[in-house]
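All chains, please: the whole structure from these sequences, using the hints.
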Amino acid sequence: EPEVTQTPSHQVTQMGQEVILRCVPISNHLYFYWYRQILGQKVEFLVSFYNNEISEKSEIFDDQFSVERPDGSNFTLKIRSTKLEDSAMYFCASNLQGSYEQYFGPGTRLTVT
Amino acid sequence: AQSVTQLGSHVSVSEGALVLLRCNYSSSVPPYLFWYVQYPNQGLQLLLKYTSAATLVKGINGFEAEFKKSETSFHLTKPSAHMSDAAEYFCAVSGRGGSEKLVFGKGMKLTVNP
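Order-wise, the sequence lines are chains G and S.
Under the numbering used here, residues 14 to 126 are what the first sequence spells out, in order.
Under the numbering used here, residues 15 to 128 are what the second sequence spells out, in order.
Keep in mind the hints are simulated off the structure, nothing from the lab.
Just so you know, even glycine gets a beta-carbon here, dropped at the ideal spot from N, CA and C.
Check before you lean on any hint, since a few could be wrong.
Chain G is nowhere near these chain S residues, computed Cβ spacing over 12 Å in every case [stated by the list, open to error]:
id	residue
1	Q59
2	T65
3	F77
4	T86
5	P128
In the DSS-like style, the derived pairs of lysine-lysine whose C-alpha atoms are separated by at most 25 Å in a straight line are [as the list claims (entries may be wrong)]:
id	chain 1	residue 1	chain 2	residue 2
6	G	K70	S	K83
7	G	K55	S	K120
8	S	K120	G	K96
9	S	K83	G	K55
10	G	K96	G	K70
11	S	K63	S	K123
12	G	K70	S	K63
13	S	K72	S	K123
14	G	K55	S	K123
15	S	K82	G	K55
16	S	K120	S	K63
17	S	K83	S	K63
18	G	K55	G	K91
Now the stretches of chain G that chain S is said to cover, found in silico as 3 or more residues with beta-carbon under 8 Å [what the hints assert, rightly or not]:
id	region
19	56 to 65
20	116 to 124
Spelled out as structure tokens, the structure:
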């Protein structure tokens, strides 16, 4: 069964460093999302992406964040200058056009020290 | 605006007992509703979804949920808990525009005791 994959599974970085989280959505999906889950809190929407453009972004997704689909398979989330409060589990999701079912990857745990 | 309320954070049941996980939603537009399950160290897996067909929705692993508009609820139930059901369960709401963001509740950790 096709699945969304994410790398790395765990990333440790120092405050102020740039990180790139990678996702490979399901191959025929057209909509892509990033969510995050701070430990003990709810899963929060960050951004959605379609047709090489951001469709919607939350107030969390400020100028420190960016997303890119650099090729036909990868979908990346970049945090330019990480802060301690960016420590969280980051989930990538994708779905087919017109579908309401989002498929989630296993997540990347980001730890900022 | 949309929101989901899952009261409490932890439910403990005995194996074979009824599982009831409550979810109430708020939405300014007719919603779609979802339950996701997260097993330890894994991603979110869709259990079931309500997308305006039958109000009683059956999902995987014997779970079902009933959409009650008058109560703005979408509670998740399973008649008989199994040890393998131990996980965290998230209720989520979205609009009906297709490919819309999910708004999640805080989640409920289910423990199943032998």
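Do the hints match the structure? See the list:
1. Q59: violated, 7 Å
2. T65: Answer for T65(S): violated, closest chain G Cβ roughly 6 Å.
3. F77: Per Cβ check, F77(S) is outside 12 Å of chain G; nearest 16 Å; holds.
4. T86: T86(S) is indeed farther than 12 Å from all Cβ atoms of chain G, at 18 Å.
5. P128: Given that every Cβ of chain G is farther than 12 Å from that of P128(S), nearest at about 27 Å, it holds.
6. K70(G) - K83(S): violated, 29 Å
7. K55(G) - K120(S): holds, 4 Å
8. K120(S) - K96(G): Between K120(S) and K96(G) the Cα gap is close to 23 Å, so the pair holds against 25 Å.
9. K83(S) - K55(G): holds, 24 Å
10. K96(G) - K70(G): holds, 19 Å
11. K63(S) - K123(S): holds, 19 Å
12. K70(G) - K63(S): The hint holds at about 24 Å.
13. K72(S) - K123(S): holds, 21 Å
14. K55(G) - K123(S): holds, 12 Å
15. K82(S) - K55(G): Between K82(S) and K55(G) the Cα gap is close to 23 Å, so the pair holds against 25 Å.
16. K120(S) - K63(S): The hint holds at about 18 Å.
17. K83(S) - K63(S): holds, 15 Å
18. K55(G) - K91(G): Holds. K55(G) to K91(G) sits at ~21 Å (cutoff 25 Å).
19. 56 to 65: holds (count 5)
20. 116 to 124: Contact hint for the region 116 to 124 of chain G vs chain S: holds, 5 residues under 8 Å.
Figure legend: structure checked against the earlier numbered hints; hints not met, in rising order: 1, 2 and 6.
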